[in-house]
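Trainee: Numbering (my numbering), first residue to last: 1224 to 1641.
Among the clues, some could well be false.
Said to hold, decoys possible - Between beta-carbon pairs, the in silico distance windows are: (1) L1585 with I1562: 23 to 31 angstroms; (2) G1303 with I1562: 51 to 59 angstroms; (3) F1408 with S1510: 31 to 39 angstroms; (4) G1255 with S1278: 23 to 31 angstroms; (5) E1500 with L1585: 51 to 59 angstroms; (6) G1303 with K1492: 16 to 24 angstroms; (7) R1317 with G1559: 49 to 57 angstroms; (8) V1256 with S1286: 38 to 46 angstroms; (9) G1255 with S1234: 26 to 34 angstroms; (10) K1513 with N1439: 33 to 41 angstroms; (11) N1439 with G1303: 43 to 51 angstroms; (12) Y1607 with S1366: 38 to 46 angstroms; (13) G1255 with L1585: 25 to 33 angstroms.
If you're looking for bench data, these hints aren't it; they were derived computationally from the structure.
Glycine included, C-beta positions come from ideal geometry on N, C-alpha and C.
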Amino acid sequence: MPGKLKANGGSVWYRVRTMLAFSIVVTGLVMGVRWLGIPQIEQLELTAFDQLIRSRPSEAPDSRLLIIKITDQDLSKYGGYPLEDSIVAQLIGRLEQYNPRVIGLDIHRNKPRGQGRQQLISIFKKNKNFFTVCSFSNSNDNSDYAPPQELTEEQKIKQLGFSDFFPDENTNLIRRQLLSYEPSFSPSPCKTPYSFSFQLVFWFLSFEGIKPLELNQNNEWQFGKVILKSLGNRSGGYQKLGESDQILINYRSGELAPIVTLEKVLEGKIDNSLVKERVVLIGYADSSSKDWFDTPYGEKPGVYIHAYMVSQIISAVMDQRPLLAVLPQWKGIQWGDGIFVLICSFTGGLLGLLLRKLLYLLFAIFIVAFILYQICLIILIQGYWLPFLPSLLSLLITGFGTEGVTKIFEPKTRMRCE
1224 MPGKLKANGG
1234 SVWYRVRTML
1244 AFSIVVTGLV
1254 MGVRWLGIPQ
1264 IEQLELTAFD
1274 QLIRSRPSEA
1284 PDSRLLIIKI
1294 TDQDLSKYGG
1304 YPLEDSIVAQ
1314 LIGRLEQYNP
1324 RVIGLDIHRN
1334 KPRGQGRQQL
1344 ISIFKKNKNF
1354 FTVCSFSNSN
1364 DNSDYAPPQE
1374 LTEEQKIKQL
1384 GFSDFFPDEN
1394 TNLIRRQLLS
1404 YEPSFSPSPC
1414 KTPYSFSFQL
1424 VFWFLSFEGI
1434 KPLELNQNNE
1444 WQFGKVILKS
1454 LGNRSGGYQK
1464 LGESDQILIN
1474 YRSGELAPIV
1484 TLEKVLEGKI
1494 DNSLVKERVV
1504 LIGYADSSSK
1514 DWFDTPYGEK
1524 PGVYIHAYMV
1534 SQIISAVMDQ
1544 RPLLAVLPQW
1554 KGIQWGDGIF
1564 VLICSFTGGL
1574 LGLLLRKLLY
1584 LLFAIFIVAF
1594 ILYQICLIIL
1604 IQGYWLPFLP
1614 SLLSLLITGF
1624 GTEGVTKIFE
1634 PKTRMRCE
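Produce the complete structure using the sequences and hints provided.
Mentor: What follows is the structure, encoded as structure tokens:
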């Protein structure tokens, strides 16, 4: 007697297996394209990172810092650009009365500027907590970016910090902070191995009884229990950084720190509490200095960026505010990012299997993409940069592609008799 005809019950399991395989393939392709370091793709991921940075809630200003900005109005009143040495010396003398912890002058003073040179140089000898800048990337013996010529060799190392920033390739946007470098590799007369911000941080924290180890076992700087973990050649969205002692800048959201003008300080119109025991940074914020750089929060004067760098390290050491890090990797293989992308890819594939109607699928993927963004934002606030853009791409590809792939490769239904 003829039996009933039954469809092979393995089709559901086949679709699940196909979805899993497709998710793995998509993850591999997305991570592989990322690994190539194509500039346009890398820039898209960094732009998404900037958007996450801007999406964080505002923080309170850092009360340990004070920024003295030199505006167009200040320059008009005090002799134009660049400021004379006598004005700078007068400013430092005024600040000293308020007992700051450390003073950082983000103004290159290689050559005398008008009157007051000897007065300014004597301040370096009298105040070990007074620092200024030089540049190793664009200075030479006759350059305005070299160290002040009158300083001793010891002062050129201990009271100078390099001011160099390293914008991302093809942009003027600053996302990374170089802490130190090896001066013997550079022909520049700027021989201090430490960045300007690093010098200010070290001096401030030394008063708190917190001093850095020379280097930990991984060749990284460490203040107390806080490790300034250097970025690898491949870190987050970056795929061709090279090896150097640099970290991501965890920009403070909202107002950075109290800010006053040069005029207010020279005319004694600021309160003592704004300066006392603080890190005071001085720099141009005028339209003629050309010392402006792009950040995730828009264009900022160089002195502001130095202040962000100082604030992030001090806040990490004293307030446990997180520094930015990336997910684990091994010898340049970003397996932590890969696992996160695979989870998102699998989620998209699952939605593609369960939701056959396009409208339902579109709505579901939109909701999941929104949740993904919120997860990346929350984790970023905690200090980790998750691969939002690669994860979103994997989610979209598997979400909209799984149904088509299963139909293409699904074998014909086999029938059997019972």
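Trainee: Run every hint past the structure and note whether it holds.
Mentor: To see whether the hints hold, each was checked on the structure:
In this structure, L1585 and I1562 meet the distance hint of 23 to 31 angstroms, their C-beta atoms being roughly 27 angstroms apart. Evaluation of the 51 to 59 angstroms hint for G1303 and I1562 yields a pass: the beta carbon distance comes to about 58 angstroms. Distance hint check for F1408 and S1510: the Cβ-Cβ separation is about 35 angstroms, which falls inside the suggested range of 31 to 39 angstroms. In this structure the supplied range 23 to 31 angstroms holds for G1255 paired with S1278, their Cβ-Cβ distance being about 29 angstroms.
A beta carbon spacing of about 57 angstroms between E1500 and L1585 agrees with the range 51 to 59 angstroms that was offered as a hint. Look at G1303 against K1492: about 22 angstroms separates their beta carbons, and that is inside 16 to 24 angstroms. As the Cβ distance of R1317 to G1559 is approximately 51 angstroms, the hint placing it in 49 to 57 angstroms holds. Between V1256 and S1286 the beta carbon distance is about 45 angstroms. The supplied range of 38 to 46 angstroms therefore holds.
For the pair G1255 and S1234, the supplied restraint of 26 to 34 angstroms holds, since their beta-carbon distance comes to about 31 angstroms. Range check, K1513 to N1439: about 38 angstroms between beta-carbon atoms, so the 33 to 41 angstroms window is met. N1439 and G1303 have their C-beta atoms about 47 angstroms apart, which keeps the hinted 43 to 51 angstroms range intact. Distance hint check: the CB atoms of Y1607 and S1366 are about 40 angstroms apart, consistent with the given range 38 to 46 angstroms.
Look at G1255 against L1585: about 27 angstroms separates their beta carbons, and that is inside 25 to 33 angstroms.
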